[in-house]
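Number of protein chains: 2
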Amino acid sequence: MIDRPQSFRRILAVHLPLQRIDAALALALLLAVPACAQQASPADGNEFVNTLMPLPATVVSKPGNLRIDNSLSYALSGDSSPRLRQGALRLLDRLQMRTGAELAKEPAPQGREATLTIEAPASSAEASPALGEDESYILDVDEHHASLRAHAEVGALRGMETLLQLVQPSGGGFILPAVHIEDAPRFPWRGLMLDPGRHFLPPPVIYRTLDGMAAVKLNVLHWHLTEDQGFRIESRVFPKLQQQGSGGLYYTQQQVRDIVAYAAARGIRVVPEFDMPGHSTSWLVGYPELGSAPGPYSVEHEFGVHDAALNPVEDSTYRFLDTFFGEMAQLFPDEYVHIGGDESNGKQWLANPRIKAFMDAHGMKTTPELQAYFNTRVQKILARYHKRMVGWDEVLSSTLSPDVVIQNWHGSEFLVNGAKQGHRGLFSGPYYLDYTYTASQLFLADPVPADAALTPEQAKLILGGEACQWGEHISPQTIDSRIWPRAAAVAERFWSPAADRDTEDMYRRLQAESLRLDEEGTTHISGPERGLRQLAGTEQDRALTLFAAVLQPVNFGARYQQQHTSQLTALDRLVDSVRPDPPLRHEFELLVDGALRGNSADIERLESLFRSWVDAAPELDRLAANSPLLNEVSSRRSDWPKLGSMGIEALSYLRSGNAPPAGWQDAQTALLREAAEPRPGELVDFVVLGPLEKLVAAANRSKTQ
Amino acid sequence: MIDRPQSFRRILAVHLPLQRIDAALALALLLAVPACAQQASPADGNEFVNTLMPLPATVVSKPGNLRIDNSLSYALSGDSSPRLRQGALRLLDRLQMRTGAELAKEPAPQGREATLTIEAPASSAEASPALGEDESYILDVDEHHASLRAHAEVGALRGMETLLQLVQPSGGGFILPAVHIEDAPRFPWRGLMLDPGRHFLPPPVIYRTLDGMAAVKLNVLHWHLTEDQGFRIESRVFPKLQQQGSGGLYYTQQQVRDIVAYAAARGIRVVPEFDMPGHSTSWLVGYPELGSAPGPYSVEHEFGVHDAALNPVEDSTYRFLDTFFGEMAQLFPDEYVHIGGDESNGKQWLANPRIKAFMDAHGMKTTPELQAYFNTRVQKILARYHKRMVGWDEVLSSTLSPDVVIQNWHGSEFLVNGAKQGHRGLFSGPYYLDYTYTASQLFLADPVPADAALTPEQAKLILGGEACQWGEHISPQTIDSRIWPRAAAVAERFWSPAADRDTEDMYRRLQAESLRLDEEGTTHISGPERGLRQLAGTEQDRALTLFAAVLQPVNFGARYQQQHTSQLTALDRLVDSVRPDPPLRHEFELLVDGALRGNSADIERLESLFRSWVDAAPELDRLAANSPLLNEVSSRRSDWPKLGSMGIEALSYLRSGNAPPAGWQDAQTALLREAAEPRPGELVDFVVLGPLEKLVAAANRSKTQ
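For the protein sequence lines, the chains are Z and C, in the order given. Using the numbering used here, you'd call the opening residue of the first sequence number 1 and step up by one each time. Using the numbering used here, you'd call the opening residue of the second sequence number 1 and step up by one each time.
By construction, these hints were calculated from the structure, which means they are not laboratory data. Please note that the accuracy of each hint is not assured.
Unchecked claim - DSSO-like cross-link-like pairs, simulated, lysine-lysine; straight-line CA separation at most 27 Å:
(1) Z:K380 <-> Z:K347
(2) C:K105 <-> Z:K240
(3) C:K240 <-> Z:K105
(4) C:K240 <-> C:K347
(5) C:K387 <-> C:K420
(6) Z:K420 <-> Z:K387
Extracted from the complex, chain Z is given alone in its bound form (with noise of 0.2 Å):
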């Protein structure tokens, strides 16, 4: 087992010197901390090709490599849990799929010298993974053997997954190449939201989701089960909230139970979130007494703020709502239990007499002081069952207990404020995955922001963050592309050193990762190219494909202004089958930049794209002639070729130095400019208009020279 007393984390964050390691190892280490600063370099021959995400705390490349072949043997540590051994079969599982390679599945017996061995301590009979858990570990490779090594079996799987990450082909086989990894996470909450509420999502879409997560090192899935729109959880005390509330879709007991053991089998921590008082109409439904308005309530299926909000001055309620957290407490393993808190405006308060009495019998004159009043008491509910409460910005108030954790969603101020008086905070704002930000503005996004001005001990408040998907706008089928490859990004920030903000780098290695979560059973692939071919009705749907390419979601806002969407409103437009931040937006960055370096086979990709999108107009307009869909992007399907010419005599000025006529750049600046124009019956942005101009800037300015 390991020998060390401290954890790595300390260890690594800290910096302070390592010990018991041997002097050349130490000199090692401290050339390659953090691995970030520069890519771990092939040495003596060795092939090692880091696309490792998140990048560990420190990686050693050595020289050599070990063969993945039907002859790898593994051993676990004796007194192995059945979590260990399960990770370790899922492990062999998908080698085996990575390599072709037919992998026994039984460890190798006591005393045999195994390939693979993996030690770590057997973790309590709760097998639940809690906040702060020791992640850290180390992963050997060498030419006949890999070891990984931990301090607690969540450590172990997390570098499965890294071991996983390293596998590579090589000389007609697979190898893992030879490497000293010892890592361990920057921040020990690292989340991702998902809203069923608005949209509900089936428990296949929960498992792959978390695989995903768990893929890259994520360990708290946020799940936001109770919305105006929908109640997503079976209550057997109070059945008819989800029987009036949800539509008929909501997760049964059993479920639960499945997603969460599915979950802790991967290291991941379940946080549910009861959104209340406001974003509560779904409650109301089946039970109107709890409501400040006498009802009747209906599901509701538009979005935004209501007016709908739980009474905070019955004591009914908070008896409802003890009976009910004590039954959710059965559920949820998790010490954190999430309570919303957010967009309550007051207005249903305001206009209840009873309500209003008591605020002024207890001297409150806003609803906010009304809602701190209702947060206390359902905190101390919370800790009746053991629980700890985290809710939204909104929650943050003079008197709250401190011990309440607070996540940010609003600027950056609320998390200051909470860290000045002593909560502990997750910070979410710039990771909401429903607006359109690119992997790098995710990526380059800190949880302890540089301006926040925190004290040390302020700045160790902070746990980590969520990145969150609101369910607006997602179905089963739509979703996975809203998260990932983005939510890899967003993951990496989280682990990895502070210092790792080479974004070149990072979009390199989350090419990779988007193939490694394809393979895992995401469908943010696979899901937009079904859309398209539906949209074409045609498998051979190529025009449409070239076209999706260069194109993304509007976000969230502007989606909702302009398509006043609803929880009614079909999700299958092409909006639904674009990609957040599409691969080729970086990637034709790159071209144009390595083009106006003169780079010809830059040049040659370049003009083969342009000349695409001029081909395939007449293909994509016939397709939108049977597509009704389809046909409504209009603007954006006429500008396409026309970028595709401009593109095309760009490089030709730029190739032949010749000067453009007169009005050539000011009519590129036009039609640039209408094609950045928002087009409300399209919802859909080009992502190619910045590098197009700075190529046409680039031309023009070829006559000067």
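Once you have looked at the hints, place chain C on chain Z.
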């Protein structure tokens, strides 16, 4: 409600004169029966394109159409059951996804006229579908209304699928063409067999397969739950069955109940198969005392026929089976239970002195006689639970109760002999999906074989048939492409009139159905696409996609022999990501035929296809250099561009009329022969060789003209 006393099936099957239909309509029907004989053609500007699959018994196209937009309302029979109401909601969801319309999900208030009316008598409280239910329906669409009427709910469910298949784009939106359809199936038992025994199929696979089955009106899921390689269902009375016989991969009883309910909601029966006395190794791991040899046993990973067999001479075996079937009868409401019965080699029996003594004492000279005894006892047990028995060919014996249904998998003589003995039968041999029969071969094989020489009475005993997807070489990732869309062609054979034998029209409709199944969520397109991306190691896998399009997997037997597969073999090679009877196979035939007729568009398309093979080959080789598994397919890869050049040359001779040089045809023939050679390490075959040979021969003839 429908006022006609007789079921359509009877009427249509025996061609009785149509009653109580007005004269004009009767004439139209007479002209239109059967629908397959003539594609219902556009009349009076109606744009109806018939892509229905299976073809209805009668389709009468009418002028006009019904627009589908947000205003669409619907109404159900006043006494509708939950099954019908939920079916209608699914219909609306799917209509919405297809058209982008925002449809009201509440039925129109009583008395208000609705756009779509669905009428069927409510089924009894027991909503399980049963063999022989009336599945007929009448669908009428005019410019203002669509009306679906049926004698039973299950007929309405079938009609809803037809209605969805009618949806088509027109005039910038979506419509249902005006039409009168009377429809009923030719056979009452239209099954698909799945084999999770050899490779487990998690519930999501079963769910999406049931959706696909419902779409093409298949009505029996034959679920092969136990095999030498795995016992896949939870028994609570004998838990060691799944605990020791499944490697942890089995359906819980709750999952089984959910799946049976999901199937029932779609009018699909679930017939479980518990294969015995052979194919039973997995039973014996936990309960070796059931076996005919002392054991111990372990789960069998090798495929094929094994010796393990239940002990047919001990009363304890029958007591076990009695208890077991009693438990299973609670889970499976269907009247039929399949007991397998195939491939029991008798070796363990003859080697066991007690069994041998029993045979001698009862004058049994062969093990099939003992198996007949076993079958008779098992049948009596099933009868106690009000179940009727189904078995494979081998259960047929002179002592077998005529109540037992024989499922044919050998030559059709078993079916014929069974019918002659009064057994009802199912035809499966020609519908094995793990053999690479083309869709047209599957489609043309009739469950009442023309050469069977059955009396009309005997022919009536044939209940229908089943497409069978055995599990040796499939995984959740690959199974869909083996089943779909070919099983849709089988479904049409089982549903549509016998005279429906136009393979060209079938392929045209199959192409449309394939895309609709893709929309429903089957992964026959997206699964292979994902596999190719993974093999290529990039999303830019166009060269591999072009290559895969001209290939299909070798059939089950060839792969088994060439790769020496077992349950442990990784199913991640190119063979797993190419499709049986891929779309290009038939398209290529048509293109070559068109080219030989001098069709210039076809010649152009062919030439560009051939060029794409030549052009993509270097890129394919580059991909293969980094992909050990792709690299294995070396001779097919090197032959591919040669086939392209061959095609280009042949077209050029054809076009110019110039004679090819002496020896040209011989060289091409040699190359074609080489490309047709089995390649044991590659496991894929070209699907373009026949038409290419035709093209070469025609080019060669051009010199003699």
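* To do: Report the numbers of all earlier hints that the structure fails to satisfy, in ascending order.
  => Structure breaks no hint.
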